[in-house]
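Q: Chain by chain, the residues:
Number of protein chains: 2
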Amino acid sequence: MAKKNAFYAQSGGVTAVINASACGLIETARKHKEQIGKVYAGRNGIIGALTEDLIDTGKESTTAIAALRHTPSGAFGSCRFKLKGLEENKAQYERLIEVFKAHNIGYFFYNGGGDSADTCLKVSQLAEKMGYPIQAIHVPKTVDNDLPITDCCPGFGSVAKYVAVSVREASFDVASMAKTSTKVFVVEVMGRHAGWIAAAGGLASDEKCEIPIVILFPEIPFEQKKFLARVDAMVKKHGYCSVVVSEGVKGEDGKFLSDQGLRDAFGHAQLGGAAPVVANMVKEALGYKFHWAVADYLQRAARHIASKTDVEQAYALGKAAVELALKGNNAVMPTIDRVSDKPYKWKIGMAQLKNVANVEKMMPRNFITADGFGITDKCRAYLTPLIKGEDYPPYKDGLPQYVRLKNVAVAKKLREFKL
Amino acid sequence: MAKKNAFYAQSGGVTAVINASACGLIETARKHKEQIGKVYAGRNGIIGALTEDLIDTGKESTTAIAALRHTPSGAFGSCRFKLKGLEENKAQYERLIEVFKAHNIGYFFYNGGGDSADTCLKVSQLAEKMGYPIQAIHVPKTVDNDLPITDCCPGFGSVAKYVAVSVREASFDVASMAKTSTKVFVVEVMGRHAGWIAAAGGLASDEKCEIPIVILFPEIPFEQKKFLARVDAMVKKHGYCSVVVSEGVKGEDGKFLSDQGLRDAFGHAQLGGAAPVVANMVKEALGYKFHWAVADYLQRAARHIASKTDVEQAYALGKAAVELALKGNNAVMPTIDRVSDKPYKWKIGMAQLKNVANVEKMMPRNFITADGFGITDKCRAYLTPLIKGEDYPPYKDGLPQYVRLKNVAVAKKLREFKL
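Note that the protein sequences, when read in sequence, are chains A and B.
Residue 1 is where the first sequence starts when you use the numbering used here, and the numbers rise one by one after that.
Residue 1 is where the second sequence starts when you use the numbering used here, and the numbers rise one by one after that.
By construction, these hints were calculated from the structure, which means they are not laboratory data.
There could be a bad hint or two in this list.
One copy or any two copies: either way a pair holds, since identical chains are not told apart in the list.
[Said to hold, decoys possible] In the DSS-like style, the derived pairs of lysine-lysine whose C-alpha atoms are separated by at most 30 Å in a straight line are:
#, residue 1, residue 2
1, Lys59, Lys237
2, Lys208, Lys33
3, Lys237, Lys179
4, Lys31, Lys84
5, Lys129, Lys345
6, Lys412, Lys90
Just so you know, these numbers come straight off a predicted model, no measurement behind them.
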């Protein structure tokens, strides 16, 4: 195999561990210099390839690359930029190939979710057609945990851990205050389409540490009356109640709960969250004092409480991507294959991108209890191993030491390209 | 000194480390059985004393008491119940003394903020007057960090660490996305009167890791135009910006930012937060894509990222409370006295409650930069040691193992008392 350079890009919403995949990928590539020359990264994701804004990761020290393993966010920058069908976006796909050619890139590693898997597949197809074959390997990443075939997606386990830990902690707090003050605590978590993250809130309660938790899943249409009755019953029984609401919960009218037509004093539309809406409902109907939180980016950036399992899998998938490429694979994605629940064992597998692209893995209905407000034992057995283990970053003066790369640009060879 | 029992109660909003004070207090009392008999705790704070609902902490194992050190929330329950002036609330103060007498209680340990310090002082005064002297010792606790004399208040350092870490992590996230997506991230933190917690957000940025942060302090009246200009300048220079807004920020009209007269589609008043208000302003005036979070209870319950300094001080103050009592002190509070900033050294001191009660320590103006949006080096020198060190709780299956006590009730001896 002739020696070629590699291109790596981060795509979509970043996570606490996407850089761990970058770390695994770059460290592994560095061990195979006879086959892989430079590893270039796209500045701000695929946009960096289109604009020929490449970063030479070879300029980063071994220490800096190693530190990616414990650094959240996307070290090279990511973007929300979807390349659609080959016909509509032909010029862009062709530009990609042109840039790859100009920089002797033979490996395309794309680290993202469902959309990226689709782009990755198309790049490989078009490259072939254009007579400049590229080995395109997709590295899975998404806190939404909605990629098919792989048992789970890097990024999810750490958000799940953050949510489970935070719900447990806040529930302890509310329990202490409930006698004379707050009785209901509502926390809003990510997950616009699937309730994987909301489900993780259910882990806060277990046999040894029972906590009254009501979960609102995007999969279950919100019924106000039923919800309020459940919260009321919990407060009457336990003295307090925690509510985990997914940002994606919709009412029976099909509209997002968070989109309740809020207006400020001047009549301007206001973008609110689902948590305050739910909390206000509780107050109005039941009169209980409430508190609410919206975790937003804090949850997906929370490297300080990342799941060790998640970090290890993210790293392993980055490493596997290079190994699959070196074995000659194309249009594939390394996957996590679960071998057993107890003890938890997993290995790396491989999926064809044509089976990954544009398939969304929803939460099975039997992961949600019949009443729609909790998680089943099946769900618990699936989730528990994913939050297992801690993997603390190094600290100095009380703060985590996250790396910032130099991100040195590679000299351009082509004409400018307008996005 | 005749052997007497002790009474301990937790008051007001709980924290990540108030139980560490309980731990220090109970462990120390257990070492002095010749002077201190039982340690009773008030179930749900001072209400437990008024209703004679006492918990016998002697029924808890050594292991359970030790685990309080790493358990957030108030293990015996807390309450928001303010005993006001002796004249208005005479019956209640007298009832307290009656309960103390009935259970041979000679030590009153009250673990709370400014209001509790006042109650503690009054109990000691009235007891003296009624001929049943009680040694009343106040143990400081408040995330608001607003008690006088003591250098800092247990609970604050851990919230400060949570905020500093979270702002750093979320800022890394936004920086990765800013090219095509979110450019402004707003996080709302606690602090209705003083900006201590908001100030901690400033620690996220330091010499080695510069981050564009705009802080909105409750001490500085909010000027929309000036704020928007600052955010715009930050985004133009750095590509993104993080905003830390205190829940207590008020506009020039003296009204809370969070109280902007939000109405739902039916015209019902809605309780929103300051973060969405600020975020919507940015969107409307500058057009930048934003995300916002409200940390609420997550910040003060976050034992998983507690400051080691804070935990040690909380424990030391609980221990010192007992030691001060055994030395015959009354109507006092153990304090943290700062010996030096670099290296950080502190020792336990003592304040008279009459100098603590009803005095609120505000943030000095010279802790806030002249423009009102940042922290000064003086502030940084004060805050940095308080977030230093990590003190992780034990984990099992990915979740922190927090203790729940048995909280066995002591048999009642008195008639019922209506609150």
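Q: Could you run down the list of hints and mark each one as holding or not?
A: To see whether the hints hold, each was checked on the structure:
1. Taking CA atoms no more than 30 Å apart as the test, Lys59 paired with Lys237 passes between copies only; the shortest distance there is 25 Å, against 61 Å inside one copy.
2. Taking the shortest alpha-carbon separations for Lys208 and Lys33, neither the intra-copy value of 51 Å nor the inter-copy value of 32 Å comes in at or below 30 Å.
3. Within a single copy, Lys237 and Lys179 get their C-alpha atoms as close as 13 Å, which meets the 30 Å cut-off; across copies the closest is 50 Å, which misses it.
4. Taking CA atoms no more than 30 Å apart as the test, Lys31 paired with Lys84 passes in neither setting, with 35 Å inside one copy and 71 Å between copies.
5. Taking the shortest alpha-carbon separations for Lys129 and Lys345, neither the intra-copy value of 40 Å nor the inter-copy value of 69 Å comes in at or below 30 Å.
6. In this assembly of identical chains, Lys412 and Lys90 lie within 30 Å of each other by CA distance solely inside one copy; the values are 22 Å within and 82 Å between copies.
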